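J.: As a plain string of letters, each chain reads:
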Amino acid sequence: MTATPVVLTLAAALIVIGMAGVLARRNLMFMLVSVELVFNGAGLAFIAAGAHWAQPDGQVMFLLILSVSGAETATALALMLRLERHYGTLDVDAMRQLRD
Amino acid sequence: MDEPAVLLWLVPALPLAGALVLALMGRRWPETWIARLACATVAASAVLAAIMGADYLAAPGARVQVLWSWFTAGELSPAVALRLDGLSLVMVAVITGIGFLVHLYSSAYMAGEEGYGRYFAWLNLFVAAMLVLVLADDLLLLFVGWELVGLCSYLLIGFWYRDPANGAAARKALIMTMAGDVPLVIGLLLLFSSLGSTAMPTLLGQAAESWPPGTALPITAALLLAFGAIGKSAQLPLHTWLPSAMAGPTPVSALLHAATMVTAGVYLIARLHPLFALAPPVLAFLAWLGAITLLLAGLHALVQNDIKRVLAWSTVSQLGFMFMALGVGAVTAAMFHLFVHAFFKALLFLAAGVAILALGHEQDLRRMGGLQQRAPWAFWGFLAGGASLAAVPFISAGFFSKELILAALWQRGGGALWAVAWVGAVLTAAYITRAFIIGFLGAPVTPATGATGWRMHLPVALLVLPTLGAGWLAPPFGALLAPASGATLPATETAFLPALLAALAPLLGIAFAWYALHRRPASAPPRLASVQDTGFDRFYGAWVRGPYRRLAQRLADDPFDRPFMAAAHLAHFLWQVLSATQDGRLRRYALVLVAGTAVLLAMVMT
Numbered sequence: 715m716t717a718t719p720v721v722l723t724l725a726a727a728l729i730v731i732g733m734a735g736v737l738a739r740r741n742l743m744f745m746l747v748s749v750e751l752v753f754n755g756a757g758l759a760f761i762a763a764g765a766h767w768a769q770p771d772g773q774v775m776f777l778l779i780l781s782v783s784g785a786e787t788a789t790a791l792a793l794m795l796r797l798e799r800h801y802g803t804l805d806v807d808a809m810r811q812l813r814d
Numbered sequence: 030m031d032e033p034a035v036l037l038w039l040v041p042a043l044p045l046a047g048a049l050v051l052a053l054m055g056r057r058w059p060e061t062w063i064a065r066l067a068c069a070t071v072a073a074s075a076v077l078a079a080i081m082g083a084d085y086l087a088a089p090g091a092r093v094q095v096l097w098s099w100f101t102a103g104e105l106s107p108a109v110a111l112r113l114d115g116l117s118l119v120m121v122a123v124i125t126g127i128g129f130l131v132h133l134y135s136s137a138y139m140a141g142e143e144g145y146g147r148y149f150a151w152l153n154l155f156v157a158a159m160l161v162l163v164l165a166d167d168l169l170l171l172f173v174g175w176e177l178v179g180l181c182s183y184l185l186i187g188f189w190y191r192d193p194a195n196g197a198a199a200r201k202a203l204i205m206t207m208a209g210d211v212p213l214v215i216g217l218l219l220l221f222s223s224l225g226s227t228a229m230p231t232l233l234g235q236a237a238e239s240w241p242p243g244t245a246l247p248i249t250a251a252l253l254l255a256f257g258a259i260g261k262s263a264q265l266p267l268h269t270w271l272p273s274a275m276a277g278p279t280p281v282s283a284l285l286h287a288a289t290m291v292t293a294g295v296y297l298i299a300r301l302h303p304l305f306a307l308a309p310p311v312l313a314f315l316a317w318l319g320a321i322t323l324l325l326a327g328l329h330a331l332v333q334n335d336i337k338r339v340l341a342w343s344t345v346s347q348l349g350f351m352f353m354a355l356g357v358g359a360v361t362a363a364m365f366h367l368f369v370h371a372f373f374k375a376l377l378f379l380a381a382g383v384a385i386l387a388l389g390h391e392q393d394l395r396r397m398g399g400l401q402q403r404a405p406w407a408f409w410g411f412l413a414g415g416a417s418l419a420a421v422p423f424i425s426a427g428f429f430s431k432e433l434i435l436a437a438l439w440q441r442g443g444g445a446l447w448a449v450a451w452v453g454a455v456l457t458a459a460y461i462t463r464a465f466i467i468g469f470l471g472a473p474v475t476p477a478t479g480a481t482g483w484r485m486h487l488p489v490a491l492l493v494l495p496t497l498g499a500g501w502l503a504p505p506f507g508a509l510l511a512p513a514s515g516a517t518l519p520a521t522e523t524a525f526l527p528a529l530l531a532a533l534a535p536l537l538g539i540a541f542a543w544y545a546l547h548r549r550p551a552s553a554p555p556r557l558a559s560v561q562d563t564g565f566d567r568f569y570g571a572w573v574r575g576p577y578r579r580l581a582q583r584l585a586d587d588p589f590d591r592p593f594m595a596a597a598h599l600a601h602f603l604w605q606v607l608s609a610t611q612d613g614r615l616r617r618y619a620l621v622l623v624a625g626t627a628v629l630l631a632m633v634m635t
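If you read the protein sequences in the order shown, they are chains R and L.
Count the first sequence with my numbering and you get residues 715 to 814, in order.
Count the second sequence with my numbering and you get residues 30 to 635, in order.
There's no promise every hint is true.
Chain R residues, not near chain L, derived (Cβ > 12 Å throughout) [what the hints assert, rightly or not]:
1. Thr716
2. Ala717
3. Thr723
4. Leu728
5. Glu750
6. Ala762
7. Ala765
8. His766
9. Gly772
10. Phe776
11. Leu778
12. Ala788
13. Thr789
14. Leu795
Here are a few chain L residues that face chain R, going by a calculated C-beta distance under 10 Å [to be verified]:
15. His390
16. Gln392
17. Arg395
18. Arg396
19. Ala619
20. Leu620
21. Val623
Because the hints were derived from the structure by calculation, they are not lab data.
The structure presented is a predicted model; accordingly, all values stated were derived computationally and were not measured.
Virtual Cβ for every residue (Gly too), placed ideally from N, Cα, C.
All chains, full assembly: derive it from the sequences and hints.
T.: Structure follows, in structure tokens:
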């Protein structure tokens, strides 16, 4: 039972590191990797909570996150391929056409 | 109700149905179909009216046909009811008879024009609206017909809408008559609020019972209603639309001046005469208004060079005669003049139309001339109509009706009104003689190129008959109207001297015009005065149209709209602020997201 705060701290660290990566990085590929870190942090938090309350829901949610992030990664990679062909770079700051 | 009168509703319904069908199919049908349908509906109405007229003469007495109850709002529950009595029978006969002849004439006159179907749809609607007006038993239904007639006149005057001047003339007709319609509506509301009904028999009965003659209420109501009549019948302050209405096709003018529209005002006063009888000052006002209109329009007609404008001003002056007769209470004389005027004015316009078409759309009297051989139908038709308008003694119908009016004026109106009317009669004879001499006699100027067919000649020939002969109908006419109007013909045994003078008036006018045009040598062409614009148009332009336009310009940027526009400006400002945040930088969006989440988390945790 005492492991829960440690695991939750680790999960929070993963989320914060991932968020920082999203904000700091300009390359789309690294931003995607950072987003994956955030996902894993969230998943870890679910696992810890499930273990803490002795409920299977945490594991169910983790499996859901796993599949969703898999789908997301596949879509994002495909988009990135198109973007790279179109812009010749993966720098997000170059992609500013969707604005008012 | 006996058998024929059951079909009364068909009289206005047939032309109305024709109008609807033509409005829908007019673009697709060939001209012959359109003309046949339009003529057939009006002809059927005329036949029905004739059957009902024979039935009425056999057994006089008003027939009322209640079709349905229109609506009920508190005390107000007008019925859609038709009423056939002597007065409406005369009007129906004139409208359907002349309406049919004008339809037949138009089918040839308008041949090949763009919008043939549109023309006949509106012409049918015009006849239907006028029939509703004269058959209505309820003032509200009468008003519906009244406004429909105004609408149709607008549509037909502006028929050749590609020329902006025609559109302006049409708008002028609509606005000028509307200026009279507003007081009319107020008068209707006043009648309803003080008498509690809009059905005319009830209304007139209650007015006679509860209103003492000469008090404020009947005078106000009668004056308000009179303004509507003044606008529709083109009397003095509101008369300027009628000469401008010449922008429309000539058969439309014939219909407008003879059978429909301008007769509506005279009809309204004749129909509500018991109410006007309670307001002697209003009657005196109408009589003098008619007198001034008569003189002024006669003088205008004397100096026009456009044949249609001469006829237009002559209509204004003849309506002045009718208003004078109404003003002294001689309803029968006024209605008889309306009846006779309808025939000879339609004849004059149709004959003028034949001449205009024969000369290739030439309307200037000075460029016509020599029409006896080249357009005999127009020549003899115009001669007969002109003789009736000038009131040539005994051989024309106009003589009898004008004699009736002059006799009534002598008996009831006093010397001054009679003298004005007499001068007006001289003027009438003078201006139509002048128009005839310049336009139809003399040497040909414009070559005759246009062709006119039997469909134009037949109506002219048919109209010559009543134009010359209808005068002998005066005694039965008086008997027909007596129960409806409550007024009988003035006794015919008037003083000998005024009758003789009245008979001499047209001869004097003709002689005057003849002498004025022929005293100079034949080699020198007569110098002709020409007045296109009248002082009234300038007056209205300077004192009504100008200030109104200036006011409109001042209000163009709409100061009252500013508070409402402030809301729009605020929304625009907020849009600018918010849209600045959408700059397309993905990482900034993410930053805002994270910051927002952090703030929310902080709020939740504390």
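J.: Taking the hints in turn, state whether each one holds.
T.: Going through the hints against the structure:
no., hint, verdict
1, Thr716, "holds, 22 Å"
2, Ala717, "holds, 22 Å"
3, Thr723, "holds, 15 Å"
4, Leu728, "holds, 15 Å"
5, Glu750, "holds, 15 Å"
6, Ala762, "holds, 18 Å"
7, Ala765, "holds, 23 Å"
8, His766, "holds, 18 Å"
9, Gly772, "holds, 20 Å"
10, Phe776, "holds, 21 Å"
11, Leu778, "holds, 21 Å"
12, Ala788, "holds, 20 Å"
13, Thr789, "holds, 16 Å"
14, Leu795, "holds, 18 Å"
15, His390, "violated, 62 Å"
16, Gln392, "violated, 64 Å"
17, Arg395, "violated, 71 Å"
18, Arg396, "violated, 70 Å"
19, Ala619, "holds, 5 Å"
20, Leu620, "holds, 6 Å"
21, Val623, "holds, 5 Å"
Checked against the numbered hints given earlier, the structure breaks hints 15, 16, 17 and 18 and satisfies all the rest.
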